[in-house]
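Protein chains: 2
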Amino acid sequence: MTYHVDEKDVAFNLYECLKINELTQYAAYAEQGEEFYKMVLDAALKFSQKEIDPLNKIGDEQGCTITNGQVTTPKGYKEAYKAFAENGFIGMDVSPNFGGQGLPSIVSVVANEFFTGANVPFSMYSGLTRGSAHLIEAFGTDALSKLFCEKMYNGEWAGTMCLTEPWAGSDVGALRSVAKPNSDGTFNITGSKIFISSGDHDLTSNIIHLVLARVEGDAPGTKGISLFAVPKIWVKPDGSLGEANDVACVNIEHKMGIKASSTCALNFGEKGKCRGFLVGKKSLGMRYMFQMMNEARLMCGMQGQSVAAAAYEHALRYAKERVQGGTAILLSHPDVRRNLSLCKAWVEGMRALLYKTSLIGDKAHHETDSTKKERYQNRIDLLTPICKAYCSDYGFKVTEIAMQIYGGYGYCSEYPIEQYMRDVKISSIYEGTNGIQALDFLGRKLSSKGGALFREFYEDMTAFNAGIADGHELKESSTQLQKSADTAGQVAMKFMEIGMAGDRDYPMLSATPFLELVGHITIAWHLMEQAVIADKAIKAGSTDSFYKNKVRTAKFFVAQILPNVQARAKSILSMDRAALEMEF
Amino acid sequence: MTYHVDEKDVAFNLYECLKINELTQYAAYAEQGEEFYKMVLDAALKFSQKEIDPLNKIGDEQGCTITNGQVTTPKGYKEAYKAFAENGFIGMDVSPNFGGQGLPSIVSVVANEFFTGANVPFSMYSGLTRGSAHLIEAFGTDALSKLFCEKMYNGEWAGTMCLTEPWAGSDVGALRSVAKPNSDGTFNITGSKIFISSGDHDLTSNIIHLVLARVEGDAPGTKGISLFAVPKIWVKPDGSLGEANDVACVNIEHKMGIKASSTCALNFGEKGKCRGFLVGKKSLGMRYMFQMMNEARLMCGMQGQSVAAAAYEHALRYAKERVQGGTAILLSHPDVRRNLSLCKAWVEGMRALLYKTSLIGDKAHHETDSTKKERYQNRIDLLTPICKAYCSDYGFKVTEIAMQIYGGYGYCSEYPIEQYMRDVKISSIYEGTNGIQALDFLGRKLSSKGGALFREFYEDMTAFNAGIADGHELKESSTQLQKSADTAGQVAMKFMEIGMAGDRDYPMLSATPFLELVGHITIAWHLMEQAVIADKAIKAGSTDSFYKNKVRTAKFFVAQILPNVQARAKSILSMDRAALEMEF
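Residue numbers (the numbering used here), protein chains in the order written: chain A, 1 to 584; chain B, 1 to 584.
Honestly, the hints are just simulated from the structure, not real lab data.
Be a bit skeptical, because a hint or two may be false.
Since copy identity is lost for identical chains, a pair holds within one copy or between any two.
Straight-line alpha carbon distances no greater than 27 Å define the calculated DSSO-like cross-link-like pairs of lysine-lysine that follow [unchecked claim]: (1) Lys494 with Lys570; (2) Lys38 with Lys8; (3) Lys273 with Lys483; (4) Lys570 with Lys397; (5) Lys548 with Lys570; (6) Lys494 with Lys483.
Extracted from the complex, chain A is given alone in its bound form:
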C-alpha cells in the first residue's frame, strides 16, 4: 500500500517540457539547478513514502478528538510533523530571510504533490501554516513578520485562515466578527468562526490565526473587512509565549474524510480578552486574503490531482498484479484499459496544468518586462478557478474510476481507494465551492481587462496548433483541439452578447458547464504539448514506451473526452432557461 508517483512523468514535466533549469537565469535561483532540484524532490518523495503515507490510514481510523477544548491529532502525527518541519518542507518556496529554502514554487508544488498524495489531512497543517505565514510576510509590518514568520516556517508554530462564520458561508461580507482598537495598537477581537481547518491541534506550541473581522464603524460588506493575526497563546514582543489568548475551540466536525485534519469551530473573545495584531492596512483584509485564497485554490487543485495520481498508481499496480495463467487478466479487458487510460489522461493532464501554472507563477514573480509579467499574471488569474474546480472534480472522478478497476475490493477499507475518494471530495467544496469558482471564471476572469485573459489563452493555443504541420502524427488531434478552442471562443462571445443585453441570470446558470468546457480544452492542450515533445523524441530515435504512451494519451483524451466540449457548448447555446423557471 505504499504511496507511489510516476517519477518519470514528473521528471519529463520538469526537465523536458518546462525546462525548469532556465530558472537559474533569475538571481534568486542562480545557485540552484536540475541536480539540486532532483535531490530536494527525492528527499520529499522518500519522506512522503516512509513517514507520511503510513500515517494516512491510521489517521483516518483514529481521526481527531477534542477534550476540554484541546484537539488531539492521531498517533504519530506530532512526531511526523516535527520531522517534516526539520526537513525544511514547510517553507520550501519562501524567503531564506525567515528560514525558508528559497526554492522556486514549481519545486515546492511538486513536493506538495508527493506530500498531499501520500496524506491529504497531514499536508493541510503545513499548507495552511505556510500560507498564513506568507500572508503576514507579504502584507504585515517587518516587526510582525519578524515576530511570526520564522517560527511558522520552521514548524514551531502553526497557522490558519478564519473566514467562514455560521451566518456567512460563501458570502464573506456578511461576517459579524468585530475588532476594537486597544490603546497599545492591538485590537480586541470577538466573533465565531466555523469550518476552520487546523483550528486547533497538538502539533505545535502555538497557532497563529488569521482572522477576518470588521473594525467597529467600518463599511459594511467586504469593503470594511480587516485582517488580524490572532495567536492562540499570546506572543510577547521578544517572541516568547505569554498567556492563553481567549481563543476557544468549541467543537470539531465529524466528516466523510480528511478525518486526521481538525475542522474546528472557534470562538474569539468569549471572555472579552482576545487580542490580535492588524495585518497590513485597515479594511484591506479581503484583498490580502484573496492572495492566500488564490494560493489555496491552486493547492485544492493539487489535492485533486495528487490523490487522483495516487489512486491511479494503486489501480494500475492492482491491474498488473492480478495474474491468471501468466497473463494480467484485468489488463486483457478493454473496459479496464479504458478506465486506466481515463485515469492516466486526467492525472497527467492535470499534473501538466498545475506544474505549468506554477512555473508561470515563478516567472511572473521574477519577470522584469512589464508586458510579459502582466501576460504571465493574466494566465494565472484565468487558470486559477480551472485548476481549483476542474482538478478537484476530476480528481474525485479518477478515484471513482479507480474504484471500479478494483471492483469490490475498491469499496473495502483494506485497500486505499475508498479513503482517497472520501478525502479528495472536500477539495470541490472548500476554498469556495466549485460553483463559486465557475462564477469567478465567467463573471470576473472572462470579462477582465476587456476579455484579454481569455483572448491571450486562445491566441497561445491557436499558435500551438498552427505549429503542427500537415502530416504530423498529431495533426488530426490538433485540428480537433483547434475546433474546440474555436467553439469556446464562440461561446465566450455569446456570453458577452447576453451580458450586454442585460441578462445576468443566464450566464450565471451556464457558468459551471462553461468552466468544464474550458477545463477539457485546457487539459487536452497540455497533453498535446507533451505529446508533441514525446513525438520529437520518438522521431529522434527513442523507443521508450513512455513517449509512445504520451502520444497515445493525448490522442485518447482528444477522441474520448474533448467531444464533451461540443456537448457543453450546445447546452449553453440552447438558451434553455428551465432551471431558472422551475418552481421548487
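Since chain A is already given, all that's left is putting chain B on it; use the hints.
Relative to the frame of chain A, chain B by itself:
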C-alpha cells in the same frame, strides 16, 4: 433528517402515467386497485420514515461486528426487521401460497424505493431473502419450496446468494466449490465464498444460503455449475431446526458504506459436514442464478435511484429553508437552481424508468398473447443493464451534486448526504460491475435475436416522437430526442459492422460509453412521456406547478444532458484505439 419522498411524483407515475389500475384485468389482481395500492404504499412509507430511517445513521456508526463467527447487527435492527416482516413487507409481490401478499411487482418496487431510500443496508437483508426464496420457489421442488419459502417470506429465516470466490470474481465459471452426492439425496458441500451480503447476522433464527458449486465430475466453466440451498442450521423434514450445518463465517469486510449490512467470507464444509439441497436440475445453476441476478440488478438500479431521491429531497429542503432577509438565498443562485434541476431530472427520470420497467415485468408475467409477451420480455432484457448501471452511476452523481448544494455541511456527518454517497457507491460495483453491465448490454442484448430488442426500443421511441404534432410545446425537444435516437441507431449499426469484420476488442472498448449514450436517451424519453401527459393536464386547465415543472424538467434534460449523446457517439465513431495500444 426524516426520509422524504415526492409522494406526488410517485402517484403521478402510478396512476396518471402507468395507470396501474389496469392490472386488475389480470385475475391475480382482480380484487386490488388504486385504493388498496395507496393504502399499502402509505403503510410502507410510514414504516420507512418511522422505523427504518432512524436506524440509518446508527447503523452507519455502529456497523456490524463479528465475535466467534457470529455477526451482530447494529442496535435496533433485529426488532425493526421483525416488525418489517410482520407487516408483510418481505414477500409483497410473491405468491400468497407461501404467505406472500400477491401484489404486482410495480407496487413492491415502489415500496422498495421507500425502504431503500430510508436505509440501504437494512433493505438488503430483506431483499436478498425475498430473492433467494423466490429462486427456490421458481426452480426448486414443491417439497423444497414448502420447507423454506414461507419461513423466508415471513421473516423467520433469511437468505443469501453465494457466487463470488477469492479466485473467481466476475469470472464465476472459475469457481472451486464442490458438491458430492450423499446417499440421502442431499449433497456434501465444500468451498469458500467471499463478499456475501447478509452472509451472517442475528436478525433471524436461520439463514438459507443459495450456493453455486460444481458437482464432482461435471463440466468445467459455467456449464457445470449447480445451485444448492445450504441452511446455516440444518432443517429437518418437518421444518424444525437441527444441528449447525458446518457453515463458518470467518470474516466481515470493513467498507466505505452500507456498514450495517454484513459482507461476509463464508467457509462451507470446513469439517466436511456441510450439507445442501440441490435446487432444480443439476448443472443449470447459472441459468437459475441469472433470474435472481436480473432481479438483483434492477434492485441495484433502484438503490441508485432511491438514494438519489432521498438526497435530492434533503438538498431541496436545505435550499428552501436557508432564508436570509425573507428570501431563500440558495434558490436565488442560478448555479444552485441548475444543481437542483439536475438532481430533479435524474431522480424523476430514473424513477419513471424503473417503475415502467417493473410494470412491463408484471405484464410480461401475465400476458397470454405470446407476441406481446415476448416484446415485453425483450424490453426488460434490454433495459436491465441500463437500469443497473446508469441508475447506480447517476444515483451516485446525484449525491455528489446534492453535496455541492449543501457546501461544507454536506461533507459533515451531521447531515445525511455523505452517508448516502458512501452507501450508494456499492451499487455500481456489486451484482456485476457497471463495466460488466456494459458488456452485457453491447455483447448480448444489442445482438440478441438479430437486434430485435434494440429495434423494438427504437421503433417505440420513434412512434412516440412521431405522435408529437408540429406546434406542440415539446416539439423541439422531441426533435432533439429523435435525432439522438437516430444517432444511437447509427452507432449500433457501426458496432454490427465492426463485429462482422471480426474486431471484438473495439466494441468492448466502447461498451461503457454506449451504455451511457443509450441511458441518456432512455431517461430523456421517459421524462418526455411524462411531460406530454403533464402538458395535456395543463391544456385541460390545470395550473398546478407540478405539471409545469414536469414540462420544464424534460426540456432541461434534453437541453443540458442529451447533447452528451452526440459526444459519446463521436468518441465511439472515432475508432480511437489508443487505450488498447497503451503499454501499461
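Here is what the structure says about each hint:
In this homomeric assembly, Lys494 and Lys570 come within 27 Å of each other (Cα to Cα) both inside a single copy, at 12 Å, and across copies, at 25 Å. For a Cα distance limit of 27 Å, the shortest separation of Lys38 from Lys8 inside one copy, 12 Å, qualifies, whereas the shortest one across copies, 63 Å, does not. In this assembly of identical chains, Lys273 and Lys483 lie within 27 Å of each other by CA distance neither inside one copy nor across copies; the values are 62 Å within and 69 Å between. With identical chains, the CA atoms of Lys570 and Lys397 are at most 27 Å apart both within one copy (23 Å) and between copies (21 Å).
For the identical chains of this complex, Lys548 and Lys570 are inter-copy neighbours only, at 24 Å across copies versus 34 Å inside a copy, given an alpha-carbon limit of 27 Å. Taking the closest pair of Cα atoms, Lys494 and Lys483 come within 27 Å of each other both inside a single copy (17 Å) and across two copies (25 Å).
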